[in-house]
Amino acid sequence: MEGLKKLEQVQRTIHVLQSIGIIDPSKTNDDSERFLANFTLLLVQHCGELDISAKCQLIVEHMAKISTAYLTGALQCISGEGENQIESAVSPHCYHKEDLAPVQSISDEMAMVGLDAMLRASSTLEDFCRSYFMFHKMDGNQPQSIFRHLPMLSFTESYIYQLDSLNEKLLQLPTGEVTVLDRDDDEDERSPSATSVRMLRHDPFRPLVILLEHHGLLTERIKEEFRCGEEYWALERKLCCALMSDNEISIEDAIRAIHLKSFDYRVLNLLLYHMRGEKVNELHMEFLSLSELLVEVSDDLFDYEDDILNNNFNILRMFVKYYGASAAPAMLAKFITEAEEKYDQLLKELGPELSLKCQKRCEEATKEGGKTSGPPLGTWHVPVVVEDEAKYRTEFSTSSKDVHMMDIRGLDCW
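Going letter by letter, the sequence shown gives residues 410 to 823 in our numbering.
Just so you know, the hints here were simulated from the structure itself, not pulled from any lab data.
Be aware that one or more of the hints could be misleading.
[Said to hold, decoys possible] Think about it this way: if two alpha-carbon atoms lie no more than 20 Å apart in a straight line, the pair counts; the simulated EDC-like pairs of lysine to aspartate or glutamate are:
1. Lys766 with Asp753
2. Lys688 with Glu633
3. Lys647 with Asp753
4. Lys647 with Glu629
5. Lys769 with Glu577
6. Lys546 with Glu695
7. Lys743 with Glu804
8. Lys800 with Glu695
9. Lys546 with Glu749
10. Lys769 with Glu798
11. Lys776 with Asp536
12. Lys415 with Glu442
13. Lys757 with Asp716
14. Lys688 with Glu749
15. Lys769 with Asp716
16. Lys647 with Asp716
17. Lys688 with Glu758
18. Lys776 with Glu657
19. Lys415 with Asp440
20. Lys751 with Glu691
21. Lys647 with Glu622
22. Lys743 with Asp612
[What the hints assert, rightly or not] Quick list of the computed label-pair ranges, beta carbon to beta carbon:
23. Lys414 with Asp525: 22 to 32 Å
24. Glu577 with Glu773: 36 to 46 Å
25. His611 with Arg685: 45 to 55 Å
26. Leu459 with Glu777: 50 to 60 Å
27. Lys757 with Phe805: 16 to 26 Å
28. Met694 with Glu773: 29 to 39 Å
29. Glu577 with Tyr732: 53 to 63 Å
30. Glu714 with Arg685: 36 to 46 Å
31. Asn690 with Asn656: 22 to 32 Å
32. Ser554 with Tyr732: 14 to 24 Å
33. Asn690 with His611: 44 to 54 Å
34. Gly523 with Cys465: 30 to 40 Å
Every residue, glycine too, gets a C-beta built ideally from N, C-alpha and C.
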């Protein structure tokens, strides 16, 4: 009897949908009509404080995330019985949060990126195309060369930027909360940063690894670079936390961190090799790693004051902490000189044509200035070091407040 009532309800809904033009009998079959009717009945089911408008908005926001493979797998997890039980598993009512646990566990493994991460990644992608394509005998100024590989390169870099932004936000937390990251217990699951902590501690690249593996693009070298990324973020948290707490640091940790920092460029380069079916050129990888190191040091010198204020990893900050304010510039200059000597040696091994292209690219970057200045052809400028970072942050905060108060007084005059 209950079955007959449901069938009558479905038929009445079909007639209503036909009468208002949503269903066109000439263009749909019986199965399609029943599906649309059941979907409509699901929408009108009572679900807490959600009205029809809110339900429709939820569908619009989340429908793009649902693929056939994802939905089938999710429903199998919910039913626990496989495909034979899928239909009975989706009865038209709202699930409790505990009922959605299997679906949530699957969605946690779906790699997704936000617009903000894509915008931040755009400058890196531009630099990658202009500086690395030449090593693959590609023209970074040709649209067909760029757009053929852009979707995967862009998605990967954006995903990495998302995680990097998460790590940077954690560095803004009080020192005690940041150190929880490197403990094995989960004692503060209710803290606002608990989700971020879990993501960075427990295989943060897993969704991206699954995606690359699905597309046949995952290699052991790429997985190793992902591990380097995790190690870099852990070192950044450890070192920056030590500086904020005025604790001692290891210079070996700092040197290791600056070498790891450009892991995202190496991931992109390895991806490009694999997408083009090319064997990895070890000489090129070694040369580019040195180039990346020098650019990272250059960027750190440019961003020195900002990195102090934001408590970000910065190689000059680390040298000042370890060697002291008076000796740090000389020790960093020695470090740079050694890296440049290796760079010059490998540059000669590239061959005349590729070597010339690299030098031209450095000249372009140097002329463009800012953070993209090419160290091999540019001039090194070590900023005035800050011996007392806490005092510097306090003075900056005070001066910023004074400027803000002046702005307010200026507004009062109008």
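Now for the hints, and whether the structure bears them out:
1. Lys766 with Asp753: 14 Å, holds
2. Lys688 with Glu633: 17 Å, holds
3. Lys647 with Asp753: 33 Å, violated
4. Lys647 with Glu629: With a Cα-Cα distance of about 27 Å, the restraint between lysine 647 and glutamate 629 is violated, given a limit of 20 Å.
5. Lys769 with Glu577: 34 Å, violated
6. Lys546 with Glu695: 18 Å, holds
7. Lys743 with Glu804: Measuring from Cα to Cα gives roughly 31 Å; hence the hint is violated.
8. Lys800 with Glu695: 40 Å, violated
9. Lys546 with Glu749: 25 Å, violated
10. Lys769 with Glu798: 38 Å, violated
11. Lys776 with Asp536: OK: lysine 776 and aspartate 536 at ~14 Å, within 20 Å.
12. Lys415 with Glu442: It holds: about 15 Å lies between the C-alpha atoms, which stays within 20 Å.
13. Lys757 with Asp716: 35 Å, violated
14. Lys688 with Glu749: Roughly 27 Å between the alpha carbons, so the hint for lysine 688 and glutamate 749 is violated.
15. Lys769 with Asp716: Outside the cut-off at roughly 30 Å; violated.
16. Lys647 with Asp716: Distance ~15 Å between lysine 647 and aspartate 716 Cα, so the pair holds.
17. Lys688 with Glu758: Roughly 18 Å between the alpha carbons, so the hint for lysine 688 and glutamate 758 holds.
18. Lys776 with Glu657: Violated: lysine 776 and glutamate 657 sit about 39 Å apart, past 20 Å.
19. Lys415 with Asp440: 16 Å, holds
20. Lys751 with Glu691: Status holds; Cα separation ~15 Å.
21. Lys647 with Glu622: 31 Å, violated
22. Lys743 with Asp612: 37 Å, violated
23. Lys414 with Asp525: 22 to 32 Å: 50 Å, violated
24. Glu577 with Glu773: 36 to 46 Å: Since the Cβ atoms of glutamate 577 and glutamate 773 sit about 29 Å apart, the hinted range of 36 to 46 Å is violated.
25. His611 with Arg685: 45 to 55 Å: Once the Cβ atoms are compared, 33 Å apart, the range 45 to 55 Å for arginine 685 and histidine 611 is violated.
26. Leu459 with Glu777: 50 to 60 Å: 51 Å, holds
27. Lys757 with Phe805: 16 to 26 Å: 45 Å, violated
28. Met694 with Glu773: 29 to 39 Å: 22 Å, violated
29. Glu577 with Tyr732: 53 to 63 Å: 26 Å, violated
30. Glu714 with Arg685: 36 to 46 Å: 41 Å, holds
31. Asn690 with Asn656: 22 to 32 Å: Since the Cβ atoms of asparagine 690 and asparagine 656 sit about 42 Å apart, the hinted range of 22 to 32 Å is violated.
32. Ser554 with Tyr732: 14 to 24 Å: 45 Å, violated
33. Asn690 with His611: 44 to 54 Å: Cβ of asparagine 690 to Cβ of histidine 611: about 34 Å, so the range 44 to 54 Å is violated.
34. Gly523 with Cys465: 30 to 40 Å: With a Cβ separation near 23 Å, glycine 523 and cysteine 465 fall outside 30 to 40 Å, so the hint is violated.
Comparing the model with each numbered hint stated earlier shows that hints 3, 4, 5, 7, 8, 9, 10, 13, 14, 15, 18, 21, 22, 23, 24, 25, 27, 28, 29, 31, 32, 33, 34 do not hold.
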